[in-house]
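> Chain by chain, the residues run as shown.
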Amino acid sequence: MLQLLLFNVTNGLIIGAFYVLMALGLSIILNLSNVINFAHGNFLALGGYLAYVLSPYLGFWGALVMSPLITGIVGFVVERLMIRRVYGRDPVYSLLLTFGLAFILQDACRYVWGTQGLPLTVPAELAQPLSSTLFFITGYRVFMIAIVMLTIIGLFCFLRYTRAGVRIRAGILDLETVAALGVNVGLLRSFNFAVGIFLAGLAGVLAGGQIGLNPNMGDSLLMPTFIAIIVGGVGSLTGTLVGGLIIGVAAALTTMFYPTAADAVIYAIMAIVLLLRPRGLMGEEGMLT
Amino acid sequence: MSTAIGERALDRLPVSRYKWPGTALLWLALLMVPLWVPWAGGYVELAGRALVLGLAAMGLNFLLGFTGVMSFGHAAYFGLGAYGAGLMLKYVTGSTLLALFTGTLLGGLAGTILGALIVRRRGVYFAMVTIAYGQIFFYIAYRWNSLTGGDDGLRGFARQPLGVGSWVINIQNNATLFYYFLLAVFAIATGAMAFRLCSPFGRTLIAILENERRARYLGLPVERHIWLAFSVSCFVCATAGALYALLNNFADPMTLHYSLSGEIVIMAVMGGMRTFWGPLLGAAVFVVLQDYISSITVNWMSFIGLLFVLVVLFFPRGLLGILGQRGAP
Amino acid sequence: MSLLEVRSASKNFGSLMAVRQVSLRVERGEMRAIIGPNGAGKTTFFNLITGFFPPTEGEIWFGGRDVTRLSAQRRVSLGMGRSFQVAEIFPELTVRENLRIAVEVGRGLALRPWLGRAKARLVRQAIDEVLAATGLTTKAARLAGELTHGDQRATEIAMVLALRPRLLLLDEPTAGMAEQETYDTVALIRRLHRMNRLTVILIEHDMRVVFHLADRITVLDRGRLLAEGLPDEIAANPAVQAAYLGEPA
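Residue numbers (this note's numbering), protein chains in the order written: chain Y, 30 to 318; chain D, 939 to 1267; chain P, 192 to 440.
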């Protein structure tokens, strides 16, 4: 019983970690650019596939570094070429644009790498279970959670201590003032978009090592990620973090006791939170609502 | 106050004004579909599909184009309409009209109830919450295998002939008669929407679209009016969904999925979201393109995605929006 | 009983105290001006009165009723009409359509599926009256967004008048206007005030306008109530002069 509980809690943490990585990326783009990136899950898949392509040359570690970076650069280019052209227009356009991008990216991945799932091999030393009784806790799982935690700490430090990060945070609160101070808001948004996509790419590599690659791998993550952001409160990154963890753990615990209700539970959590706190747990008056 | 990057500086497209000659011409074309569509290389079922999705897009546009509120979850109400009608025909009744009514009621009421919870949100947040709520129904249909057929969809029902006393209209096997049945329902639904838009209520929606702050400071209960508009648009989408189930004799869980919501929105935008009939035109173009592209390539998704991107970047006003640009009052 | 009474209202935005314990009484039929240097909290004070946001503390009474917790739209339906610094109108509609919406909402017709012949005539008459009162009759068919600054302001005031308010709040009605437009707007406000015994509160920067129109003047400075009195008293008040000249009082 204890073993089963531990098994599910670990699973919950891992799922939650993916939700958080996805949601943080989606959230910083949403906060600064007011764009819901429907293609986020497809950028995740792209990150995974890039790691698959790169790892024969760079090894797993090289791919783990390079693939999210390249995904981020792709994101930067996409933002420069397309997304930026819909800023300041009716938000319906940005949604449709990323919606179309999602279709294109998904189809492109399927065209290039096929519909069959592909494995992403992780180094043997990581694939070992840490102990024989707790066979499900492989080194890779511990490693994944560690990477996600480091990334989150890194992201929050970036936003707090670097010049670009401080500008992004200020821009979320009041973009016009930031622009008036002479900051190149267009470039800031492009960079910020790239950071968000970088996080998606990283999540893609990590997920690929755990569950393998397929063109739809990001789709099932997209909805829970939305809900994590809504539950946490749109406009608050800390809220997104909390929301992602709540949703992940809740989904895992339900899976343990009553698997068919796992989806239902996260929607129920969202409905309850919205009823009690219409702006989400950490959303505040005046944020993007 | 507002600059190019400020959120209040959105370029709202103007709402185009009603034009009678065009409307008359449109109805003529719709009535003659069984004559000209086969000649143009199409088939009547395809026209029916365009009509039904057009109705859904027009229903969504009641909210999107005339109130300025963006829902990305309308597939849920469309799909509920489809499942409502399908379940009714399969388990309860042999009456097509009753099934249509049940589907409409199911989707419309679900939308009305959920709408009350979300009308305070705006912009992208509203869109996000509508998607998330909409997906609830997708998962229910997907998981509740015994009732809904789960992933395979709901099968094993068929639309029944319409009977009034001893007089029977066979919409079951006669595609042309069924098309006219669709057109009749379409006429009632769009007529009701046009009527609503021309009323004081319709004008308050345009007021909210044009300037929400001013609408509020005229003493208008903005949330209540958005909620009512949301409700109307859900009822129309649910009607369209019920018709869709009758058209296919099948209810697909993908009709509940948010990707269909996105397609309905692109139909409305492509046709011209500030025009009344634009979404119908957008739906027709979308349906024909999808039919054609999916017959020549397996990569049709890329082309549909490309269509989204092209419309957003180059034709934001939509087809009718371009035709009806300023000048004609 | 005063028409409007603000009892020691404050508004904080985080640590910024935009309005600090300001009290105000406005009698029926009065024309009150609120003046003060930039950043004095005048618009924030307006927003408190009209329910744009709730006060951090204090109460607002209107027509003998506590409205502190009522929404903006409820206060409007109780008779508070408001214009904004940048005219808030429906730019893509004609002036007549702008007014039509205001009249229909103001008379509680907003949910009607249709209007009967009698009601439709009533609405038309009300529109024509307001058009005439604000001098917009010849511009009724123009799109509101294409009018001059002054006419857009007049359209906004006309919409508010169409609601038949008991209290009219004008936020810098002559801001950004040329000489002639300012003159016309002042004449319009004066005429409305005289004709209907309408109670008016206006925020204004142009001192000529203030001393020309106001019965009494309230001076705000850095969120505080600095002075209140007749125009002559205010003009002679050393604290007010100091505030405007930026010297310590």
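Since the hints were made in silico from the structure, they are not lab data. It cannot be assumed that every hint is accurate.
[Unchecked claim] Some but not every residue of chain D turned toward chain Y, in silico, with C-beta under 8 Å:
hint	residue
1	V982
2	L1002
3	L1166
4	L1244
[As the list claims (entries may be wrong)] Here are a few chain Y residues that sit away from chain D, every Cβ distance over 12 Å (derived from the structure):
hint	residue
5	F187
6	L188
7	R189
Treat the numbers as computed from the prediction; the structure is a model and nothing was measured. Don't be surprised by glycine CBs; every beta carbon is placed ideally from N, CA and C.
> All the hints need checking, so say for each whether the structure fits it.
The hints, checked one at a time:
About 29 Å separates the beta-carbon of D:V982 from the nearest beta-carbon of chain Y, more than 8 Å, and the hint is not met. With a least beta-carbon distance of about 7 Å to chain Y, the hint placing D:L1002 at the interface is held under the 8 Å criterion. Violation of the interface hint for D:L1166 is found here, the shortest Cβ-Cβ separation to chain Y being roughly 20 Å, above the 8 Å cut-off. Hint on D:L1244 holds. Least Cβ distance to chain Y is approximately 6 Å, under the 8 Å limit.
For Y:F187, the shortest C-beta to C-beta distance to chain D comes to about 23 Å, beyond the 12 Å cut-off, and the non-interface label holds. No Cβ of chain D approaches the Cβ of Y:L188 within 12 Å, the least distance being about 20 Å, so the stated non-interface status holds. Remark: the non-interface label on Y:R189 is consistent with the geometry, its nearest Cβ contact in chain D lying 24 Å away (cut-off 12 Å).
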